[in-house]
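Listed below, chain by chain, are the residues.
2 protein chains.
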Amino acid sequence: MVKYPTGSLTHYTKDQTDLLHPRKQKHRKDVVFSDRGMNLEQQINESNKYYLLEDIAVVHKKPTPVQIVKVDYPKRSRAVIKEAYFRQASTTDYNGVYQGKYLDFEAKETRNKRSFPLKNFHEHQIIHLERCLKQKGICFTIIRFVTLNRYFVTPASFVIEAWRTPHKSSMTLQELIDNSVEIESGFQPTLPYLDAIDNFIDR
Amino acid sequence: MVKYPTGSLTHYTKDQTDLLHPRKQKHRKDVVFSDRGMNLEQQINESNKYYLLEDIAVVHKKPTPVQIVKVDYPKRSRAVIKEAYFRQASTTDYNGVYQGKYLDFEAKETRNKRSFPLKNFHEHQIIHLERCLKQKGICFTIIRFVTLNRYFVTPASFVIEAWRTPHKSSMTLQELIDNSVEIESGFQPTLPYLDAIDNFIDR
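Those sequence lines, one after another, are chains R and G. Every letter in the first sequence is one number past the one before it in my numbering, and letter 56, counting from 1, is 56. In my numbering, each residue's number is its place in the second sequence (first place is 1) plus 1000.
There may be inaccurate statements among the hints.
A few chain G residues facing chain R, derived, Cβ under 7 Å [to be verified]:
#	residue
1	1049
2	1053
3	1055
4	1060
5	1063
6	1065
7	1097
8	1102
9	1135
10	1136
11	1155
Treat the hints as calculated values from the structure; they're not laboratory data. Remember, predicted model here, so these are calculated numbers, not experimental data. Glycine included, C-beta positions come from ideal geometry on N, C-alpha and C.
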């Protein structure tokens, strides 16, 4: 994985106007416009790093759960895991604390242009979000439409309801527009998702 | 790792009186009294399972962070991680949500009888607790004195102050008594640490 130093502008080639109105650029096919090549996970990790260093919030991605079976301890060298298996996660990928509030969310990308397939959310994630909602956590999803370059922060309550609706296989773009706070990628943070959370808290 | 079904009494051999007054037993050397052989991590995991199933709180242990280098995908069989390394964690082991509040804690055991060595807390854990405190999370440690069969839930602020005191190498048992809520192991949950948290919240 390429490491992006926080706030690095190395790969940035657009002028200041684009910074202020990034969405205006979305039809210019000649500009490489995929946020310095980051995928959604990298964008969120970068944002969390920024929020952490600025004392704005403490949010971490949970490590991939792995069942370790065999470890070698070579002399004068660090331990090597020689056999391990991926385990099913029992939670979402991200949680943390922001101004005393518990945050919990899952992030997903799609290359679709008109809807987000609900099968991308796994049952354990839905159940976990339901449980955290019962405990009055602030629970949401971040969905990125890669080809549209659009990002939606959606309350988990809406996603859960859609997921639990029989025969409903996706959330349409319009449903997401109507039920989310849309955010734009930028710098510091790369993806200012807490702006959307402020909006949820104010409601 | 042995799996303990929630609330299993299989290995339990004591009578009901002991259940109600577990601490009275602490000098009886002939009784196996280590909570059905569980270590502190298992006790907390069992308690978290109980809290989860009873909709009391959602707290999970974070997986061990592992850097995966090589994975085999054998035909008709699940993926096998063939080379991986332990990574340094950047947080504490446990976090979650309880009645809208963010919980964050670290759990440690000692076989000492009179003090708890501060070197058992790593710098990244102390820094993480400091950050979560700034965000108004409820941060604490659970310390078990194995040979005394005593458990202390201590506010992170006290532990951080002790850890940051020059030339201070340990917290004495008396300091922990004076600055903690002591809890007793039992059943359902195995370790009712949220009772101590209620106490913190009430203050």
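> Quick check: which numbered hints come out false for this structure?
Replying inline: 1, 2 and 11
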